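Dock chain one against chain two, each of which comes alone in its own frame, and use the hints as you go.
These are the residues of each chain, in order.
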Amino acid sequence: MASSPSRWPVLRQLRGPDSRGLRAAAKSDATEQLTPRTSTADRVVGSVCPYCAVGCGQKVFVKDEHVVQIEGDPDSPISRGRLCPKGSASLQLTTGGAREQFVLYRRPYSRHWERLALDEAMEMVAQRVLNTRAETWEWEDDGRRTRRTLGIASLGGATLDNEENYLIKKLFTALGIVQVENQARVCHSSTVAGLGTSFGRGGATTFLQDLQHSDCIVIEGSNFAEAHPVGFQWVMEAKKRGAKVIHIDPRFSRTSALADVFVPIRAGTDIVWLGALINRVLSEEKYFREYVVNYTNAPVILREDFKDTEDLDGLFSGLDEQHRRYDPSSWMYQGTEVAAASGERDRPPTEHARAKARSGHSESHGSGGANVHGDVSTDESLQHPRCVFQVLKRHYARYTAEMVEQVCGVPREQFDEVFDLITANSGRERTTSFAYAVGWTQHTVGVQYIRAASILQLLLGNIGRKGGGIQALRGHASIQGSSDIPTLFDLLPGYIPMPHAHDEHETLAEFIEADEAQVGFWSNFGAYVTSLLKAWWGPNATLESDYCFDYLPRITGTHSTYETVQAQLDGLCKGYFLLGENPAVGSANGKLQRLGMANLDWLVVRDFSLIESATWWQDGPEIETGELVTDAIKTEVFFFPAAAHTEKSGTFTNTNRLLQWRETAVEPANDCRSDLWFIYHLGRIIRGRLLASTQERDRPVVELTWDYPTEGTHAEPSAAHVLQEINGHDAAGKPLSAYTELKDDGSTSCGCWIYCGVYADGVNQAARRKPHTEQDWMSHEWGWAWPANRRTLYNRASADPSGRPWSERKAVIWWDERAGKWTGHDIPDCEPTKAPSYRPPEGAHGVDALSGTHPFIMQSDGLGWLFAPAGLVDGPLPTHYEPQESPVPNLLYGQERNPVREVTRRKHNRYAPSGSGVYPYVLTSYRLTEHFTAGGMTRWQPYLNELQPESFCEVSPLLAAENGLVNGGWATLISARGAIEARVLVTDRMRPLSIGGRVVHQIGMPYHWGPNGRSTGDSFNELSSMTLDPNVHIQEVKALTVDIRPGRRPRGADLPALVEQYQQRAGITADTGMEVTT
Amino acid sequence: MTHIGKDLGLQPRMGFFTDSTVCIGCKACEVACKEWNAVPTDGSVLTAESFDNTSALGANTWRHVAFVEQNTEQGFRWLMSSDVCKHCTEAACLDVCPTGSLFRTEFDTVVVQQDICNGCGYCVSACPFGVIAQREDDGRVFKCTLCYDRIGAGQTPACAQACPTESIQFGPLDELRERAAERVDALKAAGEPGARLYGADPSDGVGGTGAFFLLLDEPEVYGLPPDPKVTTRDLPAMWRQAGLAALGLLGAAVVSAGFDRLNPRSRR
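Protein sequence lines correspond, in order, to chains Y and X.
Just so it is clear: in the first sequence, position 605 is 605 by this note's numbering, and no numbers are missing.
Start counting at 1 in the second sequence, then tack on 10000, and there's your number in this note's numbering.
These aren't lab readings, by the way, just hints derived from the structure by calculation.
Treat the numbers as computed from the prediction; the structure is a model and nothing was measured.
Any given hint could be a false lead.
Said to hold, decoys possible - Pulled from the structure, derived: some chain Y residues nowhere near chain X, Cβ distances all over 10 angstroms:
{"hint": "1", "residue": "226"}
{"hint": "2", "residue": "629"}
{"hint": "3", "residue": "987"}
{"hint": "4", "residue": "988"}
{"hint": "5", "residue": "989"}
To be verified - With a cut-off of at most 30 angstroms between alpha-carbon atoms, the simulated DSS-like pairs for lysine-lysine come out as follows:
{"hint": "6", "chain 1": "Y", "residue 1": "59", "chain 2": "Y", "residue 2": "239"}
{"hint": "7", "chain 1": "X", "residue 1": "10188", "chain 2": "Y", "residue 2": "239"}
{"hint": "8", "chain 1": "Y", "residue 1": "240", "chain 2": "Y", "residue 2": "770"}
{"hint": "9", "chain 1": "X", "residue 1": "10188", "chain 2": "Y", "residue 2": "240"}
Don't be surprised by glycine CBs; every beta carbon is placed ideally from N, CA and C.
So that you can see chain X by itself, here it is in the shape it has in the complex (with noise of 0.2 angstroms):
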């Protein structure tokens, strides 16, 4: 079983695998998603980008389906895929939290509190993949959270429900990591080569996804980061160069002060 922090119990990693190449575009996702959460709208306008009104992630969106038109040596293709918040296994969002608002779930999914969050912004800057953000009128971020509500009574996240395909699959991480191995087998057997999965590998800049996914080009492509790292990843090794600073610092205050001492000539 996939865990990470301590071993708190028996339930195990809860995620996403979403398979783009089943996608039809529908948005039933987003749609649900914004029902269930209360979600207000992001702004109606059209941005001419293929059937994509959406654009991105952010606060008042955390499903948001890519459209890709593509002219390509096999002909024409749309690509489709629904995006969402990674939970991802180091997220920086979690760790430069200050208030513990943002924390991680019994589901090892990771899940703004409301009522705790002060709107500091420091999670907006800390995510690779520009998911969490503020909510202009309020102040707090908002993200995806796994539907951490239905899940907890052992319901189904909300868009996973309503995807009339079975693009988004809802499922413990090793069962859904597992199943999708064997789609991208498939796919490349079925003459898809570049069939790939993006987020499932443990070594991965974020140490793997949560909510991971099944790609048919390049991440860019889909405007997804190539290789994301989790931001905070440096950090203890810049905090060991800055107090290693500091201590160098604070060596050569004390032999300065020290040769002042024996040297009382200086201070003439």
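The shape of chain Y in the complex, shown without the other chains (with noise of 0.2 angstroms):
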């Protein structure tokens, strides 16, 4: 508009309706022409935040190539528009100048960083690869085939899509590299076995919006509200509509301020607290009785060499102290006989065998149950003193309100009220459900915790309900999917096992044999391994070359993070790739991860920024104390930056097994580029240098399918084409739609059984984006979830036997007699034209073998396990043990610890004893919603920053009085390993409990801070240790025994000293803590 005097304010005012000229006649010109960039975009792609595992859905804004605001997608019906200060956070993220653009490169003994070019650092990557790999080849491993190198491992990929980590698994794999590993390990692989053992399958058996149907929802060992805020909308919902939260936790936090009841608790106790619940629940018959003796193990009857808890002070029959294993063939349903552990079946126990069960086989039940062969009987009147439902009676009849008020700290009054809660809610017209995280995945019990609530939830009935199950809340933007599909050393896309070295050479049909159940879905093993063989060697996999079975590399054992944290402080790996992990701040014991490094030949960090994984050769806690020198670490470090999620297509798997596909919205700029394009370029041009190799170690590499289309200034890789590779074809190349259509006959390619479907009818199914105002509240219609797009899992379950819903109020599916078929408000988790009547005939096998009332279809005998007879190493039933590092004694048993937890002897891995008054204090960790994991996506962000700016330790008023600690002031913090400097909050939100007639303080601290980035402080993983659930090698990093002093922590060479002092004070020695019983 040009300003002539007809535009002048005070003519405006005189002549127009704003006489008193303050409205319209004090606009200016500006701001009449006020039109927000949302409007004006050039585009607008869907996209899904980054950070954590609920998915919520963005909007991403593009003008003149830029992104120019990122915003919440209100189509999503997950997360209706809405995200927390992180996804709020995200353009900051993705465009503020903290982002690395250049490759960056140190060479061995340097002081400095150095640039370098991409192509060239590609080349000389590749190189390192294929020397170190040569060096460390390794065909056999004591007399066993292996065909591997342990010279070379990678950590990364649950912030990366799932087509990158499938690319990822696919060449490591191929190398014989078995050392991969991700966040998933450290975070809920507990989830993968706890569940998997208990349902079938290891993943939430529920959906977000679900919860709006909860009568009443339990959450534990979770900060539902400050950790995944978005998801806790539907939390929400349900009080709006009457329900009951409750929140057990051992400090008060954000989700405590929205709950009806908050009940504090020792951090390492809840097996107690859930166990008290199951024996209340049994002995005052608050079961759901027809739900019990139809769904789950309940009436099957055990062995009568089994020995419980109670016959042993705190052991299960089977110990071998020596080898600090059980052999669990005592706790096999009678008439039966273990496949899962042993591999071969009437031979004792061996070596092979037992290392085969300490690689972790538990998580391979992520989907599909333990294997159980043979003859059962059941006893459907529950009497039978060995049947299940006595058995577990008998285990927790010491587990009291009174051993809760002793052990947990929890009053009577309360464990009252939550009993009272959650079965007035439980039953036919009403349901409970819980909600949980890491506060119970990260413990020596870790996977007995999650078991303990399955068993709660099955007696009670809840599992498979509306409103019912359990939602595991996983953290990553794509954990889910780096499980499934997975950068895990034990597993191979869809919870396959990794194949495990043998005397013999083992073909392809008898690792099938080995692991194929009998009943259910499982035994169609052997299509999902063949059709995975197919995609990866593609014409080269046939029934003459045994599908290039044996290219697989074999494991011999746990070859977990943690253990190849010790083969790099050994020096036996020499090569490291960090895809977007931290480990040097995220996973136990920061001085070992580091040492770790510093013994390599070279190291790749792939990521946003410089984090502590990266720079610790030049500024890390080490070089500080002189531990370190730079000029002595030989390790070549290599930095390539990273692409953001707007920068790249693909995938992400969230904490409901949901497929959401995001569209690139720009190309990455200067040096960054995707995780796909890396892996997918390394591979070309290891192959390309391969091409000629007459070596036979090579074949797999030079046979392995890589051939993807690539696109764009950068070429690109297409995510599309590893999607559908991940989904499956036929022998014609055309797409297949289900699991189902899979064979064993090597006419099917899936590169993923339990993604196949994805891209049914050759569209992308997860690329769907039907709003959820155009749909009924499960929303099918958007993206896409496995297993077969269903959402609850378990859904037989909300029937009767007769198929008939419980209840109209909590209907789910239901048997449509007339039509044939289930029918309902989801897809049936049953095969849908299987009659409740129908009983299998004597001597069916597999999907036949499956009755019309079994709900659990991925367990090998149709049921929920309230026993789990095999699949888990340390205990048939969740057994109360103290955390490796208590102030207190076993009250319960005289059995302090998990006698079968992995404990690692290193010097600086050192543990405190039992109740040391010189750590007399009970450390947790946790999270804040203004961080994310460890920092790298958040302590760079100054709007983030701002919100939360230094890290800082919580204490209770009567601690600090007692210490001398004030609030906004210093303290130091000091285990039996490291020591670290936090500022002070002094809350009641901290309280102290009374255990055992005395008082036992809980210091609680966030775990985001490392000594990088704009927001900087001391990491609490200096202080805890390496020690493992023998499952899952999971870290105990949830309790731990610390003391805490006013005042900054000492500098420089002080700092090791004071830690020293400690241990000698305490009388530490190697052996201390190391012990298998007491």
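Dropping the structure here:
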């Protein structure tokens, strides 16, 4: 508009309706022309938030090839347009100035970074991979064929796309690299084994939106509102409808503030709490009897030689103390035998079998429960003294409200209150839901925590029900995906176990037979494996070549990330890839992580910024103390800047097994590239160099299918093509629509059988974005969930044995007699046309052996497991053991700790003795909503840093007074391994507990901080130890013991000196805390 | 329909209802606002005041979440509430602005025009809530615009869209006030006697606010003034007083001069 006199405000005021000049007359031209950039964008692209696993929809607005705004997508059924502070900061994350733009290189012994051209860097990395692989190649280990290298390892993938994880696992496996891990190991691996052995699949049994239908929600081992804020809206919806929300946690958090009932509990004692609830449910007969009798293994009779912890003062029968493991054969059902754990049926467990068990076969139950063969006896009256039901009763008989008070510190009234609420809200008409996260998983008994909740929910009849189930709240954008696909050492895509080294040359048929179930959908295991091999080796995978089964490297035990760190410390592992993970801050025992890396020949780090795991050689804590000297560190380091989620296409799988496709909004700038680009081109370069090779070990690489079309200025591989390979196709190349179409005759190819169907009919189902306003509340047409787009798993259990819903109010699916099929609100999680009245004939096998009443179709007996006769290495029933470090003894048994937990004997991993007065306080770790995991995606963002600028610890006023701590002041925390400083928050949200007659103080602190970035601080994991759950090798960071004193910590060499002083005072030796039995 | 000033069209008055009882203290509102409006950071300092490191509204903080830890008779509770510019019905900042930078929009919100503001700062001392402030390296004043650009295009303000639990609700003020009153009744019935609205009463000192709140305790507990009054409210009366005083003085001067003329002896 021209600024002619008629536009002058004073004239507009005098002549127009705005006579006071406070409204329209005062508007400037700029104001008149105001348009939001959300309206003027060139294009809007559908995306998904890269932070946690809720999977909030995002809209990315692009103008002139720049992203100008990222906000929530109101069409998403999960998030409805909302975002937490991290998701809201996505614009700053992706376009703010904190991202590195160019490849950086550190020569051996150098003090500085140098620039390096991207192409040259790729060639150099490829060369190192080939050299190290050649130097460390191993055909056999101890006489068994392994065909691998333990010289190279990789960590990372939970923040990456499924397509990226798929190619990483594919390439590295073909190269013989078995030490492939990611955040799933340290986060929710317990979930996979805990839920997997109980129900047949190792993921959340329900979806977030279903919470609105719960009558009661128990949040425990989770800070739901803080770590999954947008998912928490569904808890609020339930509250609006009158549901009760219970929060059980060591500290009063932002979740507790919105709960109806808050129960403070001692960290590490949830099995007592859950066990007491189980005990009371059983003794007061509040269980859902018809559900329990028909849908669980309650009636099954166990072997005579089974001995429970009540018989052996905290141990089960079969403990082999020398080898630190159990022989689980006495835990089996009477009349059956274990196939999964030993691999050989009628022989006693060998060293090989022990090693196989140690490797974590438990995690292969992510999709397919443990295997039982044989004839089972049952007692439907639940009276037989050796039936599961009676054994369960006896096992938990001493888990009383009084015990809860003594051990957990929870007053009787609160126990009663929670018991009343959950039992009143379970049964036919009402359902209770449980939500948990790493407060449960990260313990030496993490898997058993989850088993305990599974037992309780089965007894109450809440699994497979509307508003019921167990919500495992995973934490990274695609950590479910990186478990499904997976970048994990012990699994192949779809939870197929990595083959184990055998004395004799194992064929594919033998491998299948060992793991295949007789009953249920895991009986098609052969089709799943064969199709995977076909996807990887294409025309070379034939009957004659045994489908290239021999090309797979073998594992010989546990090669978890913590084993890999030890292999690095011992000089065996020489090369390391870090793909969007920061173990120097995020993994237990930061010092050992860094000392391990200091022993490497080369390290490749891919991330947004220079995280601690990339710069430890220059400015890490050991440089400060003098324990490491930069000039003496020979590790060669490559830093590759990564592309953001807006700069690449691909799928994330959220915490509810839902795949959501993201479209590329803009191309990455400068040297930034996606991990898909990186792994594809690395593979291309490596294969180029091996093309002329005649070496047998190179054949898997040369014959690998690696032909992906590329596009764009950077030659970005097509993620859609990778997803299509994952989905699978038939011999004619037509995309498959369901895993039931997979064959074991080589006519089908499928990269991940549980994802088969994501590209059904050649349409990217994960890219569907029908607004939730145009669908019912389940919204099946948004994205695609495995298995088969079912949203409430085990929904057969929502109906009674005859196929009628237990109640109309909670109906999910039901049997339509006239139509001869199952129908309802969700896709049936059972065979669509199998009548409830179907009973398997004698000798039936596979899917035909599942009756019309079995809701847990991935279990080898079709039932929910109250008692786990197979699949876990530390017991068929959850038992309370104290954490590795505890201020109090185990009040329930003479056995203090999990007898088969994995301890690490290393100089920098010493343990505090039980009940040590030198480390008298319990320390627990947690998250803040403003930051994310090890900080790589938040501590460089000013908008998030100003919300939570510094690391702090939280203490009660009583503890503060006792130790001279001041709110806002500094404190030093000392464990048996390290010492750190943090600011202090004195708050009533931390409460001292009365445990066994004495006061126990708990201290809490977030674990997000490290010395790098714009917000810096000491890392929590300097204090933690490498002590692992034996099923899944997850670290115990939720309960350890420390001392706390006011003031900042010592600097330089005085820091390790302080730690040693404390160790001496406590009398710590290399043997402290290492015992099996007490 | 609630309108203030002249009836200029069919656009109803729009505002915010912030229901602090469902706030989870996540601060998505603070970040979403900053991202949308390119508001600079406001200092990264650990205040050790619970989880509140933002402290107050200002030129670089247009949404601020307060955290109050309380030990009550019913037990411990943690109050959380997101504060914002009130967009008052009687807005003192608007009244005192000499340049016409501050103006009232067609949505009845109060907005600063950055291209007009001359940084005089009159509005800063005028605001009874201490919301509007000057940006140090700039000189001009900044505050919440109630996302004038977004709502002008039929979109939702950034904070309201982001809020995970719909603690921040955007809509026609009439509807929001009705909804809020029902919510207060429901809370009281559920055993929350302290539930009350702040800023919803048109007869309060600022004529009611365009952004009002549901609190569980006294406003002071949340850091809000208990009885805010538009600081220009007494201006007309003050002017009248001053005018009368001036007239009085003038009158006295005239009379005095008149005496002089009538009594020349006094000028000997």
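Okay, the hints, checked on the actual structure:
The claim that residue 226/Y is not at the interface with chain X is violated, since a C-beta of that chain comes within 10 angstroms of its own (minimum 7 angstroms). Every C-beta of chain X lies more than 10 angstroms from that of residue 629/Y, the closest at about 33 angstroms, which supports listing it as non-interface. For residue 987/Y, the non-interface assignment is contradicted: its Cβ lies about 6 angstroms from the closest Cβ of chain X, within the 10 angstroms cut-off. Taking the minimum C-beta to C-beta distance to chain X, about 6 angstroms, the non-interface status of residue 988/Y is violated against the 10 angstroms cut.
Not every CB of chain X lies more than 10 angstroms from the CB of residue 989/Y, the least distance being 7 angstroms, so the non-interface label is violated. Simply put, residue 59/Y and residue 239/Y have alpha-carbon atoms about 29 angstroms apart, close enough for the 30 angstroms limit, and the pair holds. For the given pair, residue 10188/X sits about 16 angstroms from residue 239/Y by alpha-carbon distance, which is consistent with the 30 angstroms threshold. As the CA atoms of residue 240/Y and residue 770/Y are separated by approximately 26 angstroms, the hinted pair is consistent with the 30 angstroms bound.
Restraint check for residue 10188/X and residue 240/Y: the C-alpha separation of about 15 angstroms stays at or below 30 angstroms, so the hint holds.
Of the numbered hints stated above, those contradicted by the structure are hints 1, 3, 4 and 5, listed in ascending order.
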